[in-house]
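Q: Chains as they are written, first to last, in our numbering: chain A, 1 to 172; chain B, 1 to 387.
Possibly wrong hints are sitting among the right ones.
EDC-like mimics (lysine to aspartate or glutamate), calculated; alpha carbons at most 16 Å apart, straight line [claimed, not checked]: (1) K146/B to D57/A; (2) K301/B to E264/B; (3) K17/B to D57/A.
Read the hints as simulated data drawn from the structure, not as lab findings. Bear in mind that the values here come from a model prediction, so they are computed numbers and not experimental data.
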Amino acid sequence: MERKPLWNPYVAGVALGLVLLLTFLLMGFGLGASGSAARLGYGALYVAAPGLAAKSDYISHYVHPGVNPLDNWLVYLTVGVFLGGIIGSMTGGRNDFGTLMGANSDYSKRKRLLMALVGGVLMGIAARFARGCTSGQALSGGALLSVGSWAFMMMVFVGGYAVAPLVRRQWK
Amino acid sequence: MIFPLYQLDAFQLPTAKALAVILGLLFGLVLERSGFGRAPVLAAQFYYRDNRVLKVMFTSIVTALVGLSVFRAFGLLDFGAMVVPKTFLWPMLAGGFLLGAGFIMSGYCPGTSIVATASRKLDGLMTFVGVALGSIVFGFAYPWVKGFFLSGDMGVYRLPDLLHVPEPVVVLAVFVMAVGAFVGAEALEKKVAAKEHAPAPMGLRPVRNGVFVTLGVLTLLSFMPPLKPARAAGLEVGTISPWTLARTMVKDRSSIEILCMRREIPKKPIPGAIRPPKGMSWAEFVSQIPTTRTLVLVIEKDRALPQGLSAFQGKIVRLEGGYEKFKKLFMEPPKLEGDMTPAKLRAFEERNAIFRFLTGSKAPSAPRPKRMPRKTRRKLKKDGGCG
Chain A
1 MERKPLWNPY
11 VAGVALGLVL
21 LLTFLLMGFG
31 LGASGSAARL
41 GYGALYVAAP
51 GLAAKSDYIS
61 HYVHPGVNPL
71 DNWLVYLTVG
81 VFLGGIIGSM
91 TGGRNDFGTL
101 MGANSDYSKR
111 KRLLMALVGG
121 VLMGIAARFA
131 RGCTSGQALS
141 GGALLSVGSW
151 AFMMMVFVGG
161 YAVAPLVRRQ
171 WK
Chain B
1 MIFPLYQLDA
11 FQLPTAKALA
21 VILGLLFGLV
31 LERSGFGRAP
41 VLAAQFYYRD
51 NRVLKVMFTS
61 IVTALVGLSV
71 FRAFGLLDFG
81 AMVVPKTFLW
91 PMLAGGFLLG
101 AGFIMSGYCP
111 GTSIVATASR
121 KLDGLMTFVG
131 VALGSIVFGF
141 AYPWVKGFFL
151 SGDMGVYRLP
161 DLLHVPEPVV
171 VLAVFVMAVG
181 AFVGAEALEK
191 KVAAKEHAPA
201 PMGLRPVRNG
211 VFVTLGVLTL
221 LSFMPPLKPA
231 RAAGLEVGTI
241 SPWTLARTMV
251 KDRSSIEILC
261 MRREIPKKPI
271 PGAIRPPKGM
281 SWAEFVSQIP
291 TTRTLVLVIE
301 KDRALPQGLS
311 AFQGKIVRLE
321 GGYEKFKKLF
331 MEPPKLEGDM
341 TPAKLRAFEE
351 RNAIFRFLTG
361 SKAPSAPRPK
371 RMPRKTRRKL
381 KKDGGCG
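When you get a sec, could you build the whole thing from the sequences and use the hints?
A: Quick look at the structure:
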């Protein structure tokens, strides 16, 4: 399928802002993503090794007998994001199997995937400390003018720009 | 109809969950069309080539922010019912930096990795798995990092509170800052493109300008005085028990504002209670209080509330039993009774601790040499005295 062009970033921004506004008006809180990743992780750990999961009080808070960590608003939201991603990429001609990196990158596929995993682990830890990620804190908390969310958002850019030179070859 | 619907009990959890799928679907669709399902598009932000991330993110924040203030201005939004994320400054600063680092390594943030996975990108899936693994790592490290995790607790703390300026001014400042950032970002893109002999990622100028003008006009709308306060049922307020108030005063002082509304001002008022200076109306006074706080009214039992209070858009509660009951419970040293059941003893000890916290004075010691946990003692020492 022919690849459709991306939206003008300002139009996309307004569209994203309207989705966020609709969420605020309906629910009284904003969007989020890292919380559901954590819940999926905790749920998987509990199924694979319940004894190990019980060793952590923090994880036990999310998952213990009689409590399903996946029966949560954020997890339902993530199901929607996944569906929206499928519909968007199918209709936009961007749904094909692959691994993405810079066009002139000299990274092997394996190295790129390892980098994605390590970056993901860092973000998983970071999002727990910050009580949210770019969706829950920067976007939602930012629009509610929370001081902590703005501090977080500024530091995301600082961290990104600081580490970018070290992984330049991945995105050449 | 007053928003936000769910927080104001307009529908229940099952409906909320169904709505979550629909809202998520829209969220995912827009992220995909923004190009955020593709790591190179996101990573370009950090090499000054294409500031798409900044443009989409800031435009969406301004859109939602301005939208909320317009709904507020028309009296359609009860902002006091909104759930504003609390600020824990240090872990949020550190978490932001670490998340930025992980972002440029993986090429995604947690949300966009879901969209990438849905677009059948293996690196997106690996990132999402990484986020889940990182959350597990945090779970096991929690006992060691708990102190830092809970540090810098400032409660619900918003930019208007920090800067001491009215909310619309902050909204305007955010809008101006965003436009400034966009102009700067586009100039930078041009420069980098010239250096790399590549075309700069130019959007459609008329579209961009149209978006700016529309948002700018709406921003100015938020300066409009509210058409009507968003309080559907007039001045019906809830109540708060003296015990709940006292505990909140110890633990979460910044979440409440105590208003002394009695005709006769007591010699020893509740610590930290405020009232308008002479000549200022209640309406003017309460409209300066951040709406994220709950107003606790200390007022004689039978007296009606002044209408001016309806200018406050946040939550209002009335102190049960008024000043007298609160004073008797927590502003006078508790007395020991002859036979204390364990429950009575616990209540005595709590009253004692609260009394000391509120008055900063020595109270009779507990009947047996049982010391409070170190944390409580430290907190009492630090915060002791009248507000």
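Q: All hints are to be evaluated individually against the structure, with a verdict given for each.
A: Here's how the hints hold up against the structure:
Among the hinted pairs, K146/B with D57/A is consistent with the structure: their alpha-carbon atoms are about 12 Å apart, no more than 16 Å. Distance check on the hinted pair: K301/B and E264/B sit about 13 Å apart at the alpha-carbon level, within 16 Å; holds. Proposed proximity of K17/B and D57/A is contradicted: the alpha carbons are some 27 Å apart, above 16 Å.
When each numbered hint is compared with the structure, a violation occurs for hint 3 only.
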